[in-house]
Amino acid sequence: MMEQFNNIAPWEWVQLISFYAIAAMMVLGALFVVTMKNIFHAALSLAVVAMGAAVVYLMLDAEFLGFVQIMVYVGAVITLIAFVVMLTQRANQSGDNKATNHQKFISFVSVGTVLALLLWKIPNASWLTTVTNAELANAHTIGNALLTDYLLPFEAVSVLLLAVLIGAIVLSRREKPAKDDGGAE
Amino acid sequence: MTLIELTIKIVEWVQALAAARGIDPSWAGFAAEVAIMCVLGGIVLAMVSVAGMLLIWMERKVSAHMQSRIGPNRVGPFGLFQSVADAVKLLLKEDISPRGKDLISFWLAPMLISVPAVMSFACFPYHKGWIPIDLDLGLLYLMAIGSAAVIIIFMAGYGSNNKYSMLGGMRTIAQIITYEIPAVLAVTAVVMTTGSLKMSTIVDAQSQVWNIFSVWGLIAFIIYIICATAETNRTPFDLPEAESELVAGYHTEYTGMKFALFFVAEYTNMVVVSAIASAVFLGGYYGPFGLGGASPVWMLLKVIAMIYLMMWFRWTFPRLRIDQMMMFGWKVLLPISFANIVLVGIWMAFKTLGQ
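One line per chain: the protein sequences are A and B, in this order.
Following my numbering, the numbering of the first sequence begins with 3 at its first residue and continues without gaps.
Following my numbering, the numbering of the second sequence begins with -2 at its first residue and continues without gaps.
No lab work stands behind these hints: they were computed from the structure.
A hint or two may mislead.
Dumping the calculated DSBU-like pairs for lysine-lysine here, alpha-carbon to alpha-carbon at most 35 Å [stated by the list, open to error]:
1) K160(B) - K348(B)
2) K98(B) - K106(A)
3) K125(B) - K98(B)
4) K160(B) - K98(B)
5) K39(A) - K90(B)
6) K39(A) - K328(B)
Start from the sequences, fold in the hints, and give me the full structure.
Rendered as structure tokens:
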């Protein structure tokens, strides 16, 4: 395996090392998400994983996707998760969350099976390492594609977002008090 | 000579030197490029520090003169070293931290809060051809990094184990995410007419007439400057840190140098939004109507003018209450920014129809 490291130009070394560093950071972050006792720290680790994913997109030349990942995931989704965590927990409950429950054996068995399957199949899969006729996925081509080739999914997602907005407003509306004119004067 | 040409010259010179001595030229070129990037990074950090100190002094002088008093004038000529005195004072303060604080959030928050602001400095158009990193999606990068700062304020508010901090932190976040959307939409109006997100293209498209001198540009500029004041938590939008309301909001429990880090982060954010406004709406390094050509002095003057404007707002307008702030953001600014985009679309459609 070491022969492939012989003829690497300097900037490719940088890419290699930074990829391994980002991958390690993402794996550690994902590990912390599921094992941290303090749920807010778990949400922060999820932010680390999302940032790592954005960096991987940037390394793969998907710049638009990378920046939108930062804007949407780290800027909005993680904030939403943190808000939800804070509003549904009493303060200083970090000691009460156990990292595991009574289903340790069966979880080991199922996760071990999935891990074995993945370790067997992933090295033998035929991964696409070069993309032959991809145009650069910059903002222009994505915008064009959204409004010509993928117009129907675009409109469908807009309708979905509208439904979500209306649903959120309806769910969080305060109940109007039942008949108030008696004591209002 | 642009930055890229200068870099190529230096790298080739180093490679020639290395080839003459028998060192592998690709590694020598790599080392030279890394050294140049470190130098640029050092310049950016120096700019951030100097800007922080100068802005603290400027704020005190501007606010003083607007209130018919003089402000600091003892510590150095015109009180210029007052910022140094302030920094030394803050360094010498006792470092108290609350009991029951969340260690990770409390310690990481002041360190991370300047990161998005400093990262933005690499993409500003200082001079024609002198943008350190001219991304194809430069403007999107700046907006994305601005929105990543939200979670760090949450960390600051949560980690202090203090109800006022938590409440202040949540209000700050609500305010930031509310006013982020009209800001991005206002900038989108400019992106629509320029046709590109690249900073150099946006600035070069304003070489004859600035974007602010058009109807949609003026509306977009006004929207952007209001949203910028709200995002950096300046008055009239600084209820989360108003002393009479919430002690000091999310940075109540921070003393000494940690407070100084928050303070400097706020001023750095002010510089960032002023620089974005100058580049996108006010023509970057070009003079008005092409006067005087491209020069970094124009960019500096515009950034200082925008910062002065934000400081002027502080001492002119009363503070908004949190529900008035949210009402204004969602019910007034957002529809206006959408209407502005529709206006730009119609304007562009008529322009292409007429050709």
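Against the structure, the hints:
{"no.": "1", "hint": "K160(B) - K348(B)", "in the structure": "violated (55 Å)"}
{"no.": "2", "hint": "K98(B) - K106(A)", "in the structure": "holds (32 Å)"}
{"no.": "3", "hint": "K125(B) - K98(B)", "in the structure": "violated (48 Å)"}
{"no.": "4", "hint": "K160(B) - K98(B)", "in the structure": "holds (12 Å)"}
{"no.": "5", "hint": "K39(A) - K90(B)", "in the structure": "holds (34 Å)"}
{"no.": "6", "hint": "K39(A) - K328(B)", "in the structure": "violated (40 Å)"}
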